[in-house]
Amino acid sequence: MSTTSKTGREHTPGESGGAAADAAARGRAARDQDQDLGEAGSQLSTAPKEDLPNLPALGVIGWARWFWRQLTSMRVALLLLLLLSLAAIPGSLVPQTGVDETRVADFRERHEFLAQVYDKVGLFNVYSSVWFSAIYILLFVSLIGCIVPRTWQFVGQLRGRPPGAPQRLTRLPVYTTWRTEADPGQVREAALGLLRKRRFRAHLAGDAVAAEKGYLREAGNLAFHLALIVMLIAFAWGQLFKSEGNKLIVEGNGFANTLSQYDDFRSGNLFDVADLEPFSFDVKSFTGTYERSGPNKGTPRTYETELVYSEGAYGEERTTTVRVNEPLQIGDSKVYLVSHGYAPVVTVRDGEGKVVFKDAVPLLPLDSNVTSSGVVKVLDGYRNAEGKKEQLGFNAFFVPTFGGSRSGTMLSQFPALDYPVLALSAYHGDLKADSGIPQSVYQMDKTKMKEFKDSDGELFKKMLTPGETMTLPDGAGTVTFENDIREWAGFQMVQEPGGGWALGGALVAIAGLAGSLFIQRRRVWVRAVGGPDGVTVVEMAGLGRSESATVPEELGDLAGILYDQAPGAPGPEPSAESPDAPDAPDAPDTPDPQAVPAEGAEKP
Amino acid sequence: MSLAAATDLVTATSLAAAKNESLAEISNVLIYSAMAVYTLAFFAYIAEWIFGSRSKVARTAAALTPRAQAAKKTAPAVTVKQEGGTAVLERPKVVVRAAAGARDVPDGPGAHGGDAQGDLYGRIAVSLTVLAFLVEFGGVLTRALSVQRAPWGNMYEFNITFTTVAVGVYVLLLALKKNVRWLGLFLTTTVLLDLGLAVTVLYTASDQLVPALDSYWLYIHVSTAILCGAVFYVGAVGTVLYLFKDSYENKLARGGRPGSFATSVMERLPASASLDKFSYRINAAVFPLWTFTIIAGAIWAGDAWGRYWGWDPKETWSFITWVAYAGYLHARATAGWKGRKAAYLALLAFGCWLFNYYGVNIFVSGKHSYADVGLGALTAIGF
Ligand code: HEM
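Each protein sequence line maps, in turn, to chains A and B.
Per my numbering, the very first residue in the first sequence carries number 1186; after that it's consecutive.
Per my numbering, the very first residue in the second sequence carries number 6; after that it's consecutive.
These are calculated hints, taken from the structure and not from any lab test.
One thing to keep in mind: the hints can contain errors.
[Stated by the list, open to error] A short, non-exhaustive set of chain A residues, derived as facing chain B with CB atoms under 8 Å:
1) Ala1232
2) Leu1269
3) Ala1273
4) Tyr1360
5) Thr1362
6) Tyr1521
7) Gly1685
8) Gly1689
9) Val1693
10) Gly1741
In this text, a Cβ means the ideal position worked out from N, Cα and C, and glycines have one as well.
Construct all of the structure, not just a fragment, from the sequences and the given hints.
Encoded structure:
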């Protein structure tokens, strides 16, 4: 429980008598000041009014209005912002399905019970969970409910004129005065001209000039909040219409952007196959070089692939290079280079020497030195020694840089092709490729396959260097590891519309934010009235949104110029404080008027 | 690649490596030297505070006592100065009054407390800080030359760059004649701790970046991230001091009598209103840049990883930090949240920033920090 003065310092009643009295006096003074300033002090921003949560009169409409006012208040916006940041935390600590599926699977295995609980509350999908969505949707409803009335209010302020001078200018935070022999009308004219030249919106209201500047602050603030909405919609749009798929392509081969060509494919809820951007490309070559020494030995230095692509069905062919950070962009689609590996060319001949298979076999890397594995499948055209139709399968293990037979390891020592070795083990029988179940090209279904046996009765296997041939047992044929090792590149094709809107929104957000935070909205009034002694008293006052060094500086500047046009007259010194001298003890004292109080903090 | 070409490549890289290693050596020497100079500066700041404690200032107490206030009222707006017999009217003076309800406490004189010897040590400390900054800057520069890229490929480099920029911000504010010398002791203390951490725990031998990290968006993104961090840090120091000074003023206003040590230190700091305004301005000034940093990071991620936003832990914590700072800015515009509550939010937001840097790199694995097989290692880096 606390009472809060307008400036927000809190005092708890009953802490000590002095403090409570002090607080009360301050609160009263604050209210007094606001009443004094009246219209002049209001409307300097379009921020929603802070009203205490009075309970509404009964009735559905009353409650609905009350609820709406709460939702669009600054206090609730602040709470929702804090809730949003709090709610985002678990997603960074618990593995997320959308980010790293393998880690989620890993977690499920290790914590079975916890995983069930997490599933219930959506902790594996925090950013699409009900509670997370609820928070940001509420926030954005609040934002819209806040932005719309503020925009109208701001338009109204732009249409209207700066409010006229308050009765007692001395009450304003920045004030100066002097006496001059110039005619009051002349002074006002001069002030009007000066303020307009400084790009204030100024007009004459009664005996004073009223001027205001810095509307861009409000405009910037509104633009920033609007841009947030645009960004959110663009992001949601992108997610709904997004598609993303992968394709592994060996040097020399190509790709056309249709669903059937993808190795795997995912898409958003509203994605339609017809939306796929039409394009195609051929992979000319892949180039990789690797760090040869030092602690990061083996990490890639160049890593790029050359493509010939064409947009549309019959587009013109163009050549481009795709690197890790430099995708190829076609319309809303981007083609990323995401992985790389080797595809040794293997030739298989039957017992009579007839070529039954000759192709580059892409193998999947197992580690960062590209130790790779895969299978060679001979599906058609092979007849065994007895002349019977059969299928052949080979488990393939490949290292681009073999450690040597004495190294004691089969793992690759380096990612480049320094000492390539291909190890094959051989099977024959039925690969069950026609069973209707889609098969991975990197795995072999061995249920109907028989091992070839070597002379010891073990599985027949051999290590080959490029150009070497191994002869299968019992005249079953030969396998040649050709002196031709191609490379393959893995591509990810991502199509995400709305990126342009998100980027545009982001740029507007930054610009608006800068305007909102760096520009001061402020008002200046200049009053000139003739006194009974024929001398004119000029009063100038300024009001900014916050106490800032710039408002006094600017007023001093303006006063200096105006003073030159309406020089001071000798005589009794008008006092800055005299009108409210008998005020409460909290009235500010001004020992050195030029010293801006509390000014250790300069603009950074 | 043919074998001959490969051998050529090996010799070329090892020659370059030798040259780079000597540069890296120089860099290490410079960083250690900078630490030594920062230590001297640290002691000089301590001396400034100690000598400053001899003077007895009690401006805050005076301003918060009603009787003292009543004594000095009203001031002339225009003064007349006699100059060679003719009266010259000076320009009208601008009277500034604090907002109603705000305390009108003058700023403290600074750590030296008006003591001449303290002031001398303070000046020495500032000179030493500038010297240390230059030496450390040299260390960062040679490190960058040795790896032939921007010096933020790993946490060690990030730390040395971060502290250099933080001290750079301080030196810049001093050069702009801002009243910030009171920051000196707090800054050098943490800079020393941070550098100590860098050279012991986080040290990484120099090396080049892997291609995934080699993009100009990285340069934009990480350089602004470091700058924002450094400025947020300076703002956070201001906020902490604000909280202390504000409790001190509250205590005085309630008629309490703070201890002599607290009095001695607090009386020399700027008024709580000034500290509050200082940290607000610092934070508000970098918030747009932090927004830009996140967007630049998203653009980079769009090019490098195929999505511009994917809730990777680093991205998530940048977002959390951003929302927390937005909350702080909102709090200042919301009745009942200004002052201390807003200050706590600012500290919370900075805590998020710190966690994003240290916590996420050390405790949480994500795209920013783990090796992605097939793409080559994305080494653990700052951002
Ligand atoms: C989506 C989440 C939001 C974010 C990230 C956000 C961010 C910001 C930021 C950074 C500022 C500071 C600019 C300044 O001080 O001038 C600001 C100001 C402001 N915001 Fe928001 N805001 C959000 C939602 C809202 C909502 C829901 C409301 C309405 C209830 C709102 C109303 C305002 C107002 C009135 C200001 C101006 C305060 C002033 O004049 O000092 N904002 N906002």
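Provide an ascending list of the numbers of those earlier hints which the structure does not satisfy.
7, 8, 9
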